[in-house]
Amino acid sequence: MATLARLQARSSTVGNQYYFRNSVVDPFRKKENDAAVKIQSWFRGCQVRSYIRHLNRIVTIIQKWWRSFLGRKQYQLTVQVAYYTMMMNLYNAMAVRIQRRWRGYRVRKYLFNYYYLKEYLKVVSETNDAIRKALEEFAEMKEREEKKANLEREEKKRDYQARKMHYLLSTKQIPGIYNSPFRKEPDPWELQLQKAKPLTHRRPKVKQKDSTSLTDWLACTSTRSFPRSEILPPINRKQCQGWAQWLTPVIPALWEAKADRSQGQEIKTILDNMGPFRDITEVLEQRYRPLEPTLRVAEPIDELKLAREELRREEWLQNVNDNMFLPFSSYHKNEKYIPSMHLSSKYGPVSYKEQFRSENPKKWICDKDFQTVLPSFELFSKYGKLYSKAGQIV
Amino acid sequence: MVAELATRPQNIETLQNAGVMSLLRTLLLDVVPTIQQTAALALGRLANYNDDLAEAVVKCDILPQLVYSLAEQNRFYKKAAAFVLRAVGKHSPQLAQAIVDCGALDTLVICLEDFDPGVKEAAAWALRYIARHNAELSQAVVDAGAVPLLVLCIQEPEIALKRIAASALSDIAKHSPELAQTVVDAGAVAHLAQMILNPDAKLKHQILSALSQVSKHSVDLAEMVVEAEIFPVVLTCLKDKDEYVKKNASTLIREIAKHTPELSQLVVNAGGVAAVIDCIGSCKGNTRLPGIMMLGYVAAHSENLAMAVIISKGVPQLSVCLSEEPEDHIKAAAAWALGQIGRHTPEHARAVAVTNTLPVLLSLYMSTESSEDLQVKSKKAIKNILQKCTYLPALEPFLYDAPPNILKHVVGQFSKVLPHDSKARRLFVTSGGLKKVQEIKAEPGSLLQEYINSINSCYPEEIVSALSKYHCKFLTSPLLQFCGLGFHF
Chain B
1 MATLARLQAR SSTVGNQYYF RNSVVDPFRK KENDAAVKIQ SWFRGCQVRS YIRHLNRIVT
61 IIQKWWRSFL GRKQYQLTVQ VAYYTMMMNL YNAMAVRIQR RWRGYRVRKY LFNYYYLKEY
121 LKVVSETNDA IRKALEEFAE MKEREEKKAN LEREEKKRDY QARKMHYLLS TKQIPGIYNS
181 PFRKEPDPWE LQLQKAKPLT HRRPKVKQKD STSLTDWLAC TSTRSFPRSE ILPPINRKQC
241 QGWAQWLTPV IPALWEAKAD RSQGQEIKTI LDNMGPFRDI TEVLEQRYRP LEPTLRVAEP
301 IDELKLAREE LRREEWLQNV NDNMFLPFSS YHKNEKYIPS MHLSSKYGPV SYKEQFRSEN
361 PKKWICDKDF QTVLPSFELF SKYGKLYSKA GQIV
Chain G
1 MVAELATRPQ NIETLQNAGV MSLLRTLLLD VVPTIQQTAA LALGRLANYN DDLAEAVVKC
61 DILPQLVYSL AEQNRFYKKA AAFVLRAVGK HSPQLAQAIV DCGALDTLVI CLEDFDPGVK
121 EAAAWALRYI ARHNAELSQA VVDAGAVPLL VLCIQEPEIA LKRIAASALS DIAKHSPELA
181 QTVVDAGAVA HLAQMILNPD AKLKHQILSA LSQVSKHSVD LAEMVVEAEI FPVVLTCLKD
241 KDEYVKKNAS TLIREIAKHT PELSQLVVNA GGVAAVIDCI GSCKGNTRLP GIMMLGYVAA
301 HSENLAMAVI ISKGVPQLSV CLSEEPEDHI KAAAAWALGQ IGRHTPEHAR AVAVTNTLPV
361 LLSLYMSTES SEDLQVKSKK AIKNILQKCT YLPALEPFLY DAPPNILKHV VGQFSKVLPH
421 DSKARRLFVT SGGLKKVQEI KAEPGSLLQE YINSINSCYP EEIVSALSKY HCKFLTSPLL
481 QFCGLGFHF
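Heads up: the protein sequence lines correspond to chains B and G, in order. When the count follows the working numbering, it moves up by one through the first sequence with no breaks and lands on 394 for the last residue. When the count follows the working numbering, it moves up by one through the second sequence with no breaks and lands on 489 for the last residue.
I should point out that these hints are in silico values taken from the structure, not numbers from a laboratory. A few of these clues could be false.
The calculated DMTMM-like cross-link candidates involving lysine to aspartate or glutamate, where the alpha carbons are at most 25 Å apart (straight line), are [stated by the list, open to error]: (1) G:K202 to B:E143; (2) B:K362 to G:E223; (3) B:K363 to G:D185; (4) B:K362 to G:E178; (5) G:K408 to G:D373; (6) G:K202 to B:E145.
Listing some non-contacts, in silico: residues in chain B with all C-beta distances to chain G over 10 Å [stated by the list, open to error]: (7) N33; (8) R57; (9) D322; (10) K336.
Even glycine gets a Cβ: it sits at the ideal position worked out from N, Cα and C.
If we strip away everything but chain B, and leave its shape as in the complex, we get (with noise of 0.2 Å):
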């Protein structure tokens, strides 16, 4: 209660204390609380600048850090880009180079091998030699044997006319015309007729037999032999000329005289009467000619199978046992085949013909190759050797 009171008896006094402190204040009121104001305002200033610079601080490094992590990441990329390229560049350069020398190589072995070229012109022009210094030989062989050809028919013609001329041969007694007493040497004509023996009667040439199973048939052929009971005389017995014809072969002394023509009047007349034929002796002779066997023909034709046979026989004779000699083991029985490395790689010889001949199977009329019937023939072989002598250098 005493501070009640207390209050109360003060209560007037604070009252005017209240009021008088209240007014004393006022009019400094405004300017304390303007300066209250700017002090607050600058220091509210300071602090929010300060937060500001700091937010500005934070930000910078926020931007710092997510600036460098984009540029970063930018220059990543670049860096993969610029390697790619390089990789790139570097493989193209390596495939160029691979490339080239591929390109290269195959244009020098494929499309135009320049030496095979030179290789193959080398061949080409040896070929031509060796054909050329060929036909060369073969033309000069065959002058070579015209001229001796024609040496040879010079020759037997002088033989000839010496022959039919050797009367005029000088005898002891008297010179011939050839061998005149004035002249130093005697002329050749002379010498030619002391060599030639005069014409005699033309004998009958002997034929060798030969000793395989053709003989028989060539022995048939011989004009020796010529088989006398197959043809029958003419019907007609006056007739002179066929009697003749039919005769001569038979009377080799007819035959040997018709070689002959000047002598025998009796023979004379039958040759006179034998009429516009030919002389029957060269029919007979150009008819059954014999057979001019190739070698391969000379010998009969299974010639090979019979020494073979008579080989066999031979061996079979010696042997003790008949039973064939086996092997002791069949082990190579289950061998597999090896092939050669020839037959065995994939890659085969290319075929000749491949090389020049192009094929078109639309052409083609039938399904199988055409085939060799006649073997090939050789250069000279046949050279001389037909069948007919007509046309040929006698």
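Once you've looked at the hints, dock chain G against the given chain B.
Relative to the frame of chain B, chain G by itself:
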């Protein structure tokens, strides 16, 4: 009577009256066989003499009678009758058609089967003359079944028969590929190839002609002929003494080589080119022509083959032919062949130009006496060679005498070579070529002017202007000395 008839053909001019024909016709029906034969012989000789008489023979209906009796008479008559048919058939296709119409072909084919070789020969000869005229008649002969019999005839031993049979096959095969195929199907090629080795010249001539007629039609036929292994035997025929054999052998090789590059290669590999070149060297005139054409065909196929022709020394031989031969068609063929050789690459053109053939070709092109064909061919050859020629010494004479259209190509070639070759540039100036080039008048803007400009640009300006101003040869060397010190051409 008989003797009279036999001697009559000697005085044929006195027997022009057609009365002879009817006389002979009645005599053909005579009983005595000798008279028939001699009558037929006389008829044959008359018909052989000229075609009016042959027509008269046909008109008087003698042919059916002959054909009818051909079937039954003896061999002398058959020979004489076949002789008549041959004599009639050889003059013209109409007469041959008349013979075919009266059914003579079957009887002739029957004669081909006869034993006597003389009869076969006469029948084959008649068939040959009939088949010679055109394709229809040949077809008629083939339809009568003559070809297998002819092939059999070829194998007979008598040379005359072989000759006639070979010539008959040749005349049949020449008309068309089907006929040639028929001949080949009868197996003729193998026998013909076998007989090339026969020494008789006329037979060889006919065989080679037959083979060349067969092979000329198509590639397959040519290959079939080649497969009969005629190479290298045919090359020996090129060395024969007889001109016709050589000509036919080179014809055969030409027909084979012209089809494909492979066949040409085959010929080259067998050494055929060298043999043909030697053959050309040893012949004169028309015998050379097939050989020249063969070289042209071979060279035309590919550049390797052309190079093969060059190394076989073909070009000097061809240029000799070009200058020596009097006939225009042979010259034209030689010019064509040279063009084919030289047109492939600069190497080839150089090989041709080195032998100095280009001036000859130019003179042939320019001369007024050459035939048109020769002019065209030599122009083409020059153009072909010039397009590839880089051998300048051979081109220089062209600057002086060539006509404008060729001059253009020449200058073009110079403009291609000169920028790259310094020695050539020097030579060009010293030989007066540059001066000549200045003298050429060309329209500005034309190709020629461009070429001239590119040539001029290879040289320093002073020289070019000096040359174009002075046109004096003796001034070039002091000028060169004057401004040439620092220049390296």
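Non-conforming hints, listed in increasing numerical order: none
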